[in-house]
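S.K.: Sequence:
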Amino acid sequence: MNLNGEYAKITVMRIFMKKYLPLLMSAALVFFAAPQISPGPVLADDKNGRYSADEREKKIFRESSVKNFSCYEYEVGLGSSSQTARLLLTNHYDEGAKIKLARRYDKNGNLALEDHYIYDRSGNKIAKVIKTPAGPAVSKWLYRYDGARNMVRMTLFSAANEIRGDWSLKYDGGRRMVEIIESDGDGDIFNRSSSVYSGNKIIETNYNADNEIDNKRIYTLDQRGKKTGTVLYDRSGVEKTKTSYIYDTAENLIENAAYRQNGGLSFKLIHKYDYENKLIEKTSFGPDGLPDKIYRFVYEKH
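The sequence shown runs -33 to -1, 1 to 269 under mature numbering (1 follows the signal peptide of the UniProt record, and there is no 0).
Hints are computed from structural coordinates only; laboratory data are not their basis. Treat the numbers as computed from the prediction; the structure is a model and nothing was measured.
Derived pair list, reagent style DSS-like, types lysine-lysine, alpha-carbon separation capped at 25 Å:
1. Lys193 / Lys25
2. Lys67 / Lys34
3. Lys74 / Lys98
4. Lys137 / Lys168
5. Lys168 / Lys235
Based on the provided sequences and hints, a complete structural model is requested.
M.R.: In structure tokens form, the structure reads like this:
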């Protein structure tokens, strides 16, 4: 398992969303511009139906000849069994299970944005261009790699080709990510994340623009390298939330739940899979412990 890929992807997405979420919401891009560093189960931390296949799932996609993937959201009415489906996204893959095109839909089911992916001859993703249905690009991502094929830089550009954000990534001798630095187009640092690996734990410390500790996360891993728990601490070192992850015998994530310091539920996700270990359903639960949304996943084969 590419543990570094899983961890890096989750870390950068969190840093990105913290700073750019208000901007993206105003531009209707909240679902569409989250960076993807390398394959990893972001699904484990995503409550909003978004999905990106990790290396294990890509292997499943290749073996089962998956060509297209769609995600539908179902509102679950309390005390009612009626459900109304809403298409959220469709992903389209090439023969190597690399995503080539993602289409995102608004709340009325209309096509809102398209993500076009570009790869080099080695299979590295080097660009993602985000367009409207009419064609104009609203933003784009460019990705750079070192000689070991580690992603070392990712840059977000606006429609006017201005730098909106820049991320640099550093690795240790074992190709494990140890630092992420986020800056703007002028080189001013907004966020920095450093990681220390100790046995079956990863200790991640996040710093703000003043280089002060913003928060800390400690990830616990099992013998397979899968995440079994995450504890979030605030800048004072006080525990805020604790998240647990449960897997089946096929290593599929079947449940993850986050609890607050007082023991109250923050959120919970239940995952279901088919006989080929493809995710087919995800149910989210709110703080009251009741289901609020169901996400169904449909696959089209070659």
